[in-house]
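Student: When you get a sec, could you build the whole thing from the sequences and use the hints?
Chain order of the listed sequences is A and B.
Per my numbering, the very first residue in the first sequence carries number 1; after that it's consecutive.
Per my numbering, the very first residue in the second sequence carries number 1; after that it's consecutive.
Hints are supplied without guarantee of correctness; some may be wrong.
Unchecked claim - Cβ pair distances, simulated, as ranges:
hint : chain 1 : residue 1 : chain 2 : residue 2 : range
1    : B       : E15       : A       : E20       : 16 to 22 Å
2    : A       : I44       : B       : T68       : 39 to 45 Å
3    : B       : K12       : A       : V25       : 24 to 30 Å
4    : A       : I29       : B       : T10       : 38 to 44 Å
5    : A       : A97       : B       : L171      : 23 to 29 Å
6    : A       : N8        : B       : S25       : 25 to 31 Å
7    : B       : K12       : A       : L83       : 53 to 59 Å
Keep in mind that the hints were calculated from the coordinates and are not lab data.
Think of the CB as a built atom: it goes at the ideal place given N, C-alpha and C, for glycine as much as any other residue.
As a plain string of letters, each chain reads:
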Amino acid sequence: MKYAIIKNSMVENIIEAEAEFAEQVGAVIAADDTAIGDFYDGSIFSRPVIPAVPTSRPDQIAGRLAEIDMLGSTPRAKREALLGNTQWLAQLDAEAATLRSELANL
Amino acid sequence: MSFLSISRQTRKTQEFLTSGTFTPSAALLAAGGHVEVELRGGGGGGGTSPGSGGAGGGGSSRHLGFYTVTGDTTVIIGAGGTFAANGGESSFGTLSCAGGGAGTSSTLGAGGAAGGKDGFAGGQGNYNTAAGPYQCGGVGGGLGGGYGGPNATGGPATANSGGGGGGGAHLLNGGAGGSGYCLVTWWE
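Tutor: Below, the structure written as structure tokens:
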């Protein structure tokens, strides 16, 4: 069974143990989704809230275009080109063209 | 007239699959208390991704160390990380081995960090537009690492392997990492 070792109200480690051993070291039963770094108030585990970074549509498009650029230079891309299979790269190019058009019209 | 006394020592081992206490025998303590310890931390959990396959969790290393016991010694077995969570640290007395890192949950994110010295990083998820499209999760790092298949949740790593969980395909959860392990070997 999984137990959490708590230090300063925070999960320091999660261990596999039997109940008797866990009691000896002061560990508490971990919830299914408990992770190292979670808070523990003595009865409930909670996850630190990381503020979401607002992402604008232009940033999303730029990010995806960067991924497509990267995919176009992978070993997979070179292999497909050598095999004469242009469908994969063509799909990437088509997606990039659509995104560039959307970006230009924003 | 004198007689030569020859004593024959026997190799002994004790395996820990869950946390506990190593209690040395009187013979081991009389022989100096020297033990060899093999430790593995828990593997990291696999991640997922909104735009590609999730990354696999990192696998913990197999850490070998020597230790001198003088009495009961605490053994901690780190748990495998759940979905997108780091694996737990394993330890024997003051020897320790870090757990593997969680697979990241971002598009084409990196595999989980290797746990401990010479651990194994998880695999990166990938994105494939040729067949659908579909996204394939990265394989969990280390021996016993989980499978990161296409269009499926990530596979769990083998228990007590310290391997990382497989990454989940697009928006599907990654698998759990394997728990840690400890083997104590000595002669008495």
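Student: None of the hints should be skipped; say for each whether it holds.
Tutor: Evaluated hints:
no.: 1; hint: B/E15 / A/E20: 16 to 22 Å; result: holds, 19 Å
no.: 2; hint: A/I44 / B/T68: 39 to 45 Å; result: holds, 42 Å
no.: 3; hint: B/K12 / A/V25: 24 to 30 Å; result: holds, 25 Å
no.: 4; hint: A/I29 / B/T10: 38 to 44 Å; result: holds, 39 Å
no.: 5; hint: A/A97 / B/L171: 23 to 29 Å; result: holds, 26 Å
no.: 6; hint: A/N8 / B/S25: 25 to 31 Å; result: violated, 38 Å
no.: 7; hint: B/K12 / A/L83: 53 to 59 Å; result: holds, 57 Å
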